[in-house]
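Undergrad: Those protein sequence lines, which keep their order, are chains A and B.
Final position of the first sequence in numbering that gives the first Met the number 0 is 235; the numbers increase by one with none missing.
Final position of the second sequence in numbering that gives the first Met the number 0 is 108; the numbers increase by one with none missing.
Note that these hints are calculated values from the structure, not bench results.
Even glycine gets a Cβ: it sits at the ideal position worked out from N, Cα and C.
Keep in mind that the hints are not guaranteed to be accurate.
Among the chain B residues that face chain A by a calculated CB cut under 8 Å, a handful are [stated by the list, open to error]:
#1 His-25
#2 Gly-26
#3 Pro-50
#4 His-53
#5 Gly-59
#6 Ala-74
#7 Lys-75
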Amino acid sequence: MSRRLDSLRLRLRSLFRRHSADEELDEELRFHIERQIEQNIAAGFPAVEAHRKALREFGGVSQTKDECRDTRGFAHIESGWRDILYCFRTLTNSPGFAAIIIITLALGIGAATAIFSVTNAVLLRPLLYRDSDRLVLAWLDFYKSSMSDAPFSNAEFNDLRDGTQDVFEEMSSIMVFRAIVPREGGAAERISKAHVTTNFFSMMGARVALGHDFTTADGQPRAAQEEYVFPPPRAT
Amino acid sequence: MSESKDLLQGTLDLLILNTIRHEPMHGWAIAQRIQQISEEVLKVQQGSLYPALHRLEHQGWIRAKWGASENNRRAKYYSLTKVGRQKLASETSKWSRLSAAVNLILAEG
Numbered sequence: 000m001s002r003r004l005d006s007l008r009l010r011l012r013s014l015f016r017r018h019s020a021d022e023e024l025d026e027e028l029r030f031h032i033e034r035q036i037e038q039n040i041a042a043g044f045p046a047v048e049a050h051r052k053a054l055r056e057f058g059g060v061s062q063t064k065d066e067c068r069d070t071r072g073f074a075h076i077e078s079g080w081r082d083i084l085y086c087f088r089t090l091t092n093s094p095g096f097a098a099i100i101i102i103t104l105a106l107g108i109g110a111a112t113a114i115f116s117v118t119n120a121v122l123l124r125p126l127l128y129r130d131s132d133r134l135v136l137a138w139l140d141f142y143k144s145s146m147s148d149a150p151f152s153n154a155e156f157n158d159l160r161d162g163t164q165d166v167f168e169e170m171s172s173i174m175v176f177r178a179i180v181p182r183e184g185g186a187a188e189r190i191s192k193a194h195v196t197t198n199f200f201s202m203m204g205a206r207v208a209l210g211h212d213f214t215t216a217d218g219q220p221r222a223a224q225e226e227y228v229f230p231p232p233r234a235t
Numbered sequence: 000m001s002e003s004k005d006l007l008q009g010t011l012d013l014l015i016l017n018t019i020r021h022e023p024m025h026g027w028a029i030a031q032r033i034q035q036i037s038e039e040v041l042k043v044q045q046g047s048l049y050p051a052l053h054r055l056e057h058q059g060w061i062r063a064k065w066g067a068s069e070n071n072r073r074a075k076y077y078s079l080t081k082v083g084r085q086k087l088a089s090e091t092s093k094w095s096r097l098s099a100a101v102n103l104i105l106a107e108g
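Input sequences plus hints: build the corresponding full structure.
TA: Dropping the structure here:
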């Protein structure tokens with residue numbers, strides 16, 4: 000564990016304090032060469048020759064430095080950063096080209112994002128209703144009068160519901176409108192409203208926020224009032 | 000190619016770990032010691048030595064610390080860590096087994 004931490008500490012140090020790590024490496028290698036020179040002098044070489052000999056034996060300093068740097072582990076990030084800087088410099092040399100690339104990318108990313116957000120909302124994300132994978136929507140189309148999206152009449156709805164009981168588990172109906180209502184201050188407000196059958200909310204798994212949901216009894220037509228018609232219909 | 004390089008690299012690691020097992024040493028002294036003890040047979044070029052030292056430090060087997068050298072200059076001293084000591088023991092026995100096996104084969108010829 001502490002070994003991992005040590006290694007991480009070294010890596011971070013070499014990333015954020017790259018210059019200091021490089022300087023330390025320089026100093027370490029310089030010390031090596033100086034010790035070698037001293038040894039050469041001790042062995043009887045004249046100073047200049049001792050110096051030359053030490054450097055010659057030492058070999059490629061920059062190659063060694065690169066190899067040491069590679070062991071630090073963040074070398075690829077450093078070189079990646081260099082690539083980005085190079086790319087940036089090249090682009091600033093040809094601003095027109097850069098602008099075209101940036102606009103192309105922006106439009107492309109924007110279009111892709113827009114398409115995805117619509118696809119995500121419409122196709123990928125499930126509807127918020129209960130059993131949304133089993134919900135279907137039915138409506139009327141009148142081809143001859145080229146009228147589509149037409150509502151069922153009450154009688155048609157009842158026939159459809161009663162005739163498809165072995166197909167659909169439940170059927171409810173909704174019809175949406177817009178309405179203008181007066182606000183308290185006298186201004187007008189446009190609202191969306193809908194007529195629904197009594198089972199609509201329970202079928203969709205919705206809860207009524209205030210008050211109580213409709214009951215089946217609410218949907219029953221009231222008993223006809225006794226009417227008096229003049230003149231009285233003739234008995235047949 | 001890469002296998003023989005691996006073998007050499009592992010051997011150099013083993014030599015370095017063994018050289019600094021008693022006291023912290025700087026790079027130049029490590030190279031000198033290896034050369035002396037091997038009776039001038041093994042010459043460790045700095046081009047292999049320093050990358051190896053830095054790699055071993057990153058693996059957590061050795062630890063580096065700046066200190067004053069024998070000629071009173073700042074030098075980077077390397078010493079074994081606990082893990083490095085364990086590694087040295089296991090690598091040494093591995094090496095003994097390997098060289099003993101090679102010797103057996105050669106002795107038979």
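Undergrad: Next step is simple, just say for each hint if it's right about the structure.
TA: For each hint, the structure was consulted:
no. : hint   : in the structure
1   : His-25 : holds (7 Å)
2   : Gly-26 : holds (6 Å)
3   : Pro-50 : holds (4 Å)
4   : His-53 : holds (4 Å)
5   : Gly-59 : holds (4 Å)
6   : Ala-74 : holds (5 Å)
7   : Lys-75 : holds (5 Å)
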